[in-house]
Amino acid sequence: MKPATEIRNLFLVTFLTCSFAIYASSDQLEMTEENAIGIVKGFSLGFDIHSTIGIKGKSNQSPYGGTLLLLNQTTSKSQVRLSAGIPMFRSDLIRDQVKDKPQDFYASIDHEWGFKYFAVAVGLAMNYMHGFDTTVFDTVFKYKTSALYNIALSIRAGRPWSGFRGRITWPLFGGRDLNQPQNYFFEYSAYGFFGNRRIKTGFGVNGTVRSWGHMFTENDDDDFYYYDFDYDEPELPEVREFQAVLPGIKTAFLLNKHNSITISAELGGIILPRLGTYWAPEIGLVYVFSFGELTDPGSLDGKF
Numbered sequence: 019m020k021p022a023t024e025i026r027n028l029f030l031v032t033f034l035t036c037s038f039a040i041y042a043s044s045d046q047l048e049m050t051e052e053n054a055i056g057i058v059k060g061f062s063l064g065f066d067i068h069s070t071i072g073i074k075g076k077s078n079q080s081p082y083g084g085t086l087l088l089l090n091q092t093t094s095k096s097q098v099r100l101s102a103g104i105p106m107f108r109s110d111l112i113r114d115q116v117k118d119k120p121q122d123f124y125a126s127i128d129h130e131w132g133f134k135y136f137a138v139a140v141g142l143a144m145n146y147m148h149g150f151d152t153t154v155f156d157t158v159f160k161y162k163t164s165a166l167y168n169i170a171l172s173i174r175a176g177r178p179w180s181g182f183r184g185r186i187t188w189p190l191f192g193g194r195d196l197n198q199p200q201n202y203f204f205e206y207s208a209y210g211f212f213g214n215r216r217i218k219t220g221f222g223v224n225g226t227v228r229s230w231g232h233m234f235t236e237n238d239d240d241d242f243y244y245y246d247f248d249y250d251e252p253e254l255p256e257v258r259e260f261q262a263v264l265p266g267i268k269t270a271f272l273l274n275k276h277n278s279i280t281i282s283a284e285l286g287g288i289i290l291p292r293l294g295t296y297w298a299p300e301i302g303l304v305y306v307f308s309f310g311e312l313t314d315p316g317s318l319d320g321k322f
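Residue numbering for the sequence shown follows my numbering, beginning at 19 and increasing consecutively.
Be aware that one or more of the hints could be misleading.
As the list claims (entries may be wrong) - Derived lysine-lysine pairs resembling DSS-like cross-links, with alpha carbons at most 25 Å apart: (1) Lys59 with Lys134; (2) Lys275 with Lys134; (3) Lys95 with Lys134; (4) Lys134 with Lys160.
Note that these hints are calculated values from the structure, not bench results.
Whenever a hint applies, use it, and build me the whole structure from the sequences.
Put into structure tokens, the structure is as follows:
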């Protein structure tokens with residue numbers, strides 16, 4: 019399938035999903051202001067899986083990603099959310115010399131307090147970033163492996179039938195020593211959503227910035243030296259990867275009081291300064307089961 023056809027089909031799915039969501043939002047179910055809190059009523063668990071479409075051998079993106087989701091009510095107006103898994107976005111181009119091409123590992127914990135028209139959450143995100151090698155002419159550049167920690171802030175606002183959710187994370191420990199190899203990452207997401215308590219559709223963007231610090235180089239003569247970031251014209255002092263989803267659409271369905279699913283269609287890209295930019299359509303599926311009663315599909319998967 020040609021890339022143009024894939025993108026056309028992606029936006030066709032988006033149009034049909036929006037049309038269905040608009041039709042479903044006409045369902046005049048009674049919705050109390052309590053639903054705006056969006057707190058789960060019992061222990062809930064689920065999974066989030068994503069995959070690229072028709073790009074094997076054509077793109078350097080990781081073809082899949084998966085996350086385990088756990089949610090549990092802590093008080094009548096608060097909940098804790100945990101997630102852990104393998105993030106989808108990681109370029110193979112910058113790791114061509116690594117035989118096993120290890121995936122990164124990501125985990126986060128957030129505690130959310132819900133009020134009448136808005137909710138706020140604070141938390142901690144961890145990203146274990148594997149190092150890698152890359153070759154330029156006869157020199158191998160070796161990059162750092164490290165476990166990184168970010169502070170996370172989330173905000174959700176609106177009524178039960180429409181609203182907004184955003185989340186950002188940034189490094190917990192500030193300051194960078196430019197004479198030492200450094201790894202770091204940032205995250206962002208923003209989605210608006212609308213619908214009713216059975217179905218909601220959201221539009222928005224999300225992305226990640228990852229940077230790997232350069233430790234040392236090694237040439238064909240088996241000589242190596244540690245890299246100094248103060249060089250006037252460094253070749254590859256760090257590799258920075260920008261991941262973006264633009265646009266992204268997701269629709270959450272409440273199947274019954276204990277189960278929900280969310281489907282997504284996105285156009286995702288990886289931007290590597292000086293190395294290339296790659297875009298590909300993607301699809302995603304989220305399933306959540308709760309031992310309590312689910313009342314609002316917009317708050318079940320930890321994304322809206």
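We went through each hint and held it up to the structure:
no., hint, result
1, Lys59 with Lys134, "16 Å, holds"
2, Lys275 with Lys134, "22 Å, holds"
3, Lys95 with Lys134, "10 Å, holds"
4, Lys134 with Lys160, "51 Å, violated"
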